[in-house]
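Student: Using the sequences plus the hints, can you model the full thing?
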Amino acid sequence: MTTPLLVGILAGAILSGTSLLYAALGETIGERAGIVNLGLEGILLIGASVGFAVTAATGSAWWGLPAAAAAGAASNLLFGWLVVARRANQLASGLAMMFLGFGVSALVGARWVGAVIVGLPKWRPPLLGTLPWVKSSTLFHYDVLTWLALPVALLLWWVLFRTRWGLRVRAVGESPTATYAAGIDPSALQYQALAAGGALGGVAGAHLSLSLTLTWAEYMTAGRGFIAIALVIFSKWDPLRAVAGALLFGGAEALQLQLQARGVEISPFLLEMSPYVLTLVVLLAWGGSRRLAAPASLGRTFQGVQ
Amino acid sequence: MPEPALAAAVRRSPALRASARYLAVVLAALAVFAAVLLLAGKDPLRAYADTFRDTLADAYGFSELLVRMTPLLLAAVAVALPARLGLINVGGEGQLYMGAWLASAGALLFPRWPAWLLLPLVAMLGFAGGALWAAIPGVLRGLRLVNETIATLLLNYVAPLVVSYSIFGPWRSAESSAYPQSPAFADAARLPSFLDTRIHAGLLVSLAALLFYWLLLEKTRWGVQMRAIGGNPEAAQRLGIPVAVWIVVALAMGGGMAGLAGMGEVMGIHGRLRQGLSPGYGFTGFLIAWLAGGRAMGILLMAFLFAMITSAGDTLQITQGVPYAVVNILLAVILFIVLARRRGWAR
Amino acid sequence: MGPRDAGTSPGAPPLLEARSIRKRYGPVLANDGVDLTLCRGEVHALLGENGAGKSTLSKILYGFIRPDAGELLWNGERVELGSPRDARRLGIGMVFQSFMLIPALSVLENIALFLGDLPAIVRGEAVGRRIRALGDRFGLHVDPSAPVRQLSVGDQQKVEILKLLLAEARVLVFDEPTKVLAPHEVRALVRVFGALKAEGYAILFITHKLREALACADRITVLRQGRVAGRPRPDQADAATLVKLMFGDREPGPSVAAEAAPSRPPGAGPIFELRGAWSRASGSETPLRGLDLTIRAGEIVGVAGVSGSGQKELGDLILGLRPLSAGTRWFDGEDASSWSIARLRERGVAFVPEDPLAMAAVPGMSVRENLVLGTGRRYWKGATVDWPRLESAMTASFGALAFPVPPLDRPAFALSGGNLQRMVIARELAHAPRLVVALYPTRGLDVRSAVSVRELLQRARDTGTGVLLISEDLDELAELSDRLLVLYGGAVTGEFARGGWTAEEVGHLMTGSKGAALA
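Those sequence lines, one after another, are chains A, B and C.
For the first sequence, my numbering assigns the number 1 to the initial residue and increments by one for each residue that follows.
For the second sequence, my numbering assigns the number 1001 to the initial residue and increments by one for each residue that follows.
For the third sequence, my numbering assigns the number 2001 to the initial residue and increments by one for each residue that follows.
The set of hints was computed from the structure by calculation and includes no laboratory data.
Note that beta-carbon positions come from the ideal geometry of N, C-alpha and C, so glycine has one too.
Be careful, since some hints might not be right.
[To be verified] Facing chain A, a subset of chain C residues (Cβ under 10 Å, in silico):
1) Leu-2101
2) Asn-2110
3) Leu-2118
4) Gly-2124
[Unchecked claim] To list a few chain B residues with every Cβ distance to chain A over 10 Å, as calculated:
5) Leu-1045
6) Tyr-1157
7) Trp-1214
8) Leu-1301
Tutor: If you want it as structure tokens, here you go:
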């Protein structure tokens, strides 16, 4: 009796968590390099709107998806220019990006509101499709983004912890001065990190419009950007933990729907709160160690000392 | 050739110089936004003209401007006050909602109280709601457990859910309606409005709050201590100022301001508790405070400017068919211009 | 690996040579015609007290700053060092006092970051092997996978050394490396020096610790006041010689000492006492160990010590900034162990800091507002400050100290160093404090300001205030102290009455060496 429930929750969590994971992975790269983008919500919206618009215009999501990634990268680079080249306050710049994202996405998407698109195709491996409890759910019936979500997280982990570039990015986020003393250019690394992070953010947004809902509506990300920021903290800036966290956070909504379908009344709002409350609780419980887990230079930003 | 009198006056006076800078930024932003509108196939000059006409030439339009300014002023003070101590409060949204929530609780619990009792109660509850909500991150920061930027940010999203929970649940109005909301508040709880417009007493509250902010920081002995903490926390501590206590108090006061904004929206405009009370007032307030460099006059001007911009958004939507959300681009451009100036004049 | 193959034959030129280096900072001649030679396979110790010019010289050798005159030679050829990168490229490596390590990363990652030949995919085992090989060769044993923040300071230093070795440095400059080490770690470091020496590296060991210099140096250069005071041979020198070279043959006590000590009311108890005070230390701080300290009215108690002996921690403990982990603190006979900073100030504890802009003033606020800070409740008037009363009180204080009153509306950061210090002093002394804690009060001041600061410390003493003067300037301490304490390693290692000490004796205690002269 509980298997369908668990299956339902898991399936919902995976669907909902895909865009969360991509967004969190993108933000993780940037924060590992010492830069926090409070405007992640804006990046997601830009990705969603551009992806949708290009898909509707060209008729194929295979054009829309890379366009969304490119738009996300470009937006994050614009943010990077403010924060790295002009040394602007990161928090204020992030909020400016959020507003920009609201506006640009509305402008881009206005023409295509109500358009019908063929989104990203879904695929299920033939063998798994024969299992009874899989067949009736959405499990393993995913588009390319969901299939790649876990591999991308693994790849990001590997890049951050096993490559020279990743080492340098982490070094910049910990101590730009020590990195500079080692003869490495911190700014170049930060731009690269932001570009990569922005692309992932764009993709995260595109998943919403090209796969989950197949529509475009203003503000459709509904705060996912901020949940992703919380997720980055919750997962201690580790791509692998982010996978678990995305499932957890994504699962909250799925849990509520499943329980409701079974007549159990838990307020959806309590469950919607859970990502934030969980993150706060976790910050408190591991107060010291989580502070230590944050890239040191990132912490200075939060302290208002840049 | 003798210098034109105006230019000389501007050069000599720092206040005029600052105003000239504000003006230059705004004009530059308007130019960029005009380009954006042109690209989108719209007529920017028409749009700007319509906006001016609707807001400044029309009495009702102007009153709407003031209605929009009210929560913006309070949200800006909510950020500016703790900022003088070096604290970053991005939780205005959440504090606004909690102020609205607690004020609503008061209005619903004591609907039969007379206005002279209920109004002050509701106002105090509004302040208290926001203050308590901000005190949580304050204590966490004072105890050096959690950074207040993160804490206020996270609590932002919890507060609207508390409001939603209440109006879908215990406070659900019995009247059938398109969307869930609380029952209408008694008239005694409602803030009086003026002159057939939607301007409500909240405007006076917000102006008073701005004045209070200025007086507190610039003229009182507490302000000296607060600014000392903001200027040099180590020296402040060495000189005997209880820094940790002030952190909590300052954040609580800031939160209370945002709470008053929420109270104002709910008691002055809507008359009941609903979802979607704030189209980002908290964040807009952050940007206003930041652009104004924490200066009271700057906050007043910037709030006015932002109110005008949001009005422009409405006008654009109606007359040009551009979604309201596009006006966010203008906001963003203003910010970009200011942020991109190296060591800009806004903190 | 190692420069041994370059030949250590007697005819080979020294690896790095500095000739006639001169560097001036304003009125101070930090280096005045200094020569220094570093040869392969040698440990060269550079001694001198604080301010002797050691750190200026080392910065020049590392390319941080350029000398006004003089030249540097590498392998006999003249070179110009425009930046630390040039120095690194030649093969000069420096181990700083504050490490350039990233605490959150592992040893391996920290070192890998500095390697010029790191491949795009980091092969942890390969780098780890190299680290371990070098570690075994030179006695620098660290676990490559350990996060740096978990390492002891001694081990962190090893990582810094390994970094330089892997980056092919041939000259290693160590700036006060033993300051932060425990005794057994010092011994380990000396062994490392030996191993490096044997492989032909040249080592410059900058220190003020005589015992260590004598233990491992092949050559010694002593700097005093910017000049080379002597180059004693290690096998012929002893601590006494070195101290004499470092501190000079100064007579203790100034002319002022001839004045009679001001009379104290009979039976007056001490103003301030620390009994068995212990404090905890984190990071590079020095813990205080069972300190006993007494300050009476109308006396100046001087505290001598080399930096890092616990001076700042002692000052902070007295002022209430640092809690006692054991022991008690007494003020005017009352147990003040748990008093707040505000309460101590209210009862009359004042603070004259070394860096007024960082520690005792708010740069962005006006002078007038700075003057009211820390005056407690004295000038409160309802919700505001009684500015007129404050101004008149402060003006009186300035007048009593014969200081010019600074423009009250200007922001504090606009004042010169000397004027800022005067402002702080006028504020601190305005209400006849019972105790003044002066922490390096004349550091960084021009001569005239320094003299006037010293004078008013004396005047405060003459009016019955107790003064604790923590200073690195033995001359200053000689002139002002009625009693002198020596602080070393967080404990008081010596106490002297006015006129009862020589620079030599105190120098020994300050550097932790009890020379034969004291036996």
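Student: The structure should be examined with respect to each hint, and the outcome stated for every one.
Tutor: Structure-based check of all given hints:
Taking 10 Å as the C-beta cut-off, the interface hint given for Leu-2101(C) holds, the closest approach to chain A being about 7 Å. With its C-beta approaching chain A no nearer than about 8 Å, Asn-2110(C) sits inside the 10 Å limit, and its interface hint holds. Interface restraint check for Leu-2118(C): the shortest CB-CB distance to chain A comes to about 5 Å, inside 10 Å, so the restraint holds. With 10 Å as the threshold, the beta carbon of Gly-2124(C) comes within range of chain A, its nearest partner Cβ sitting at about 8 Å, so the hint holds.
Against chain A, the non-interface label of Leu-1045(B) holds: every CB pair exceeds 10 Å, the least being about 18 Å. Against the 10 Å criterion, Tyr-1157(B) falls within the reach of chain A, whose nearest CB is about 5 Å from its own CB. Even its closest Cβ contact with chain A, about 22 Å, leaves Trp-1214(B) beyond 10 Å, as expected for a residue assigned away from the interface. Separation of Leu-1301(B) from chain A is adequate, the least Cβ-Cβ distance of about 18 Å exceeding the 10 Å criterion.
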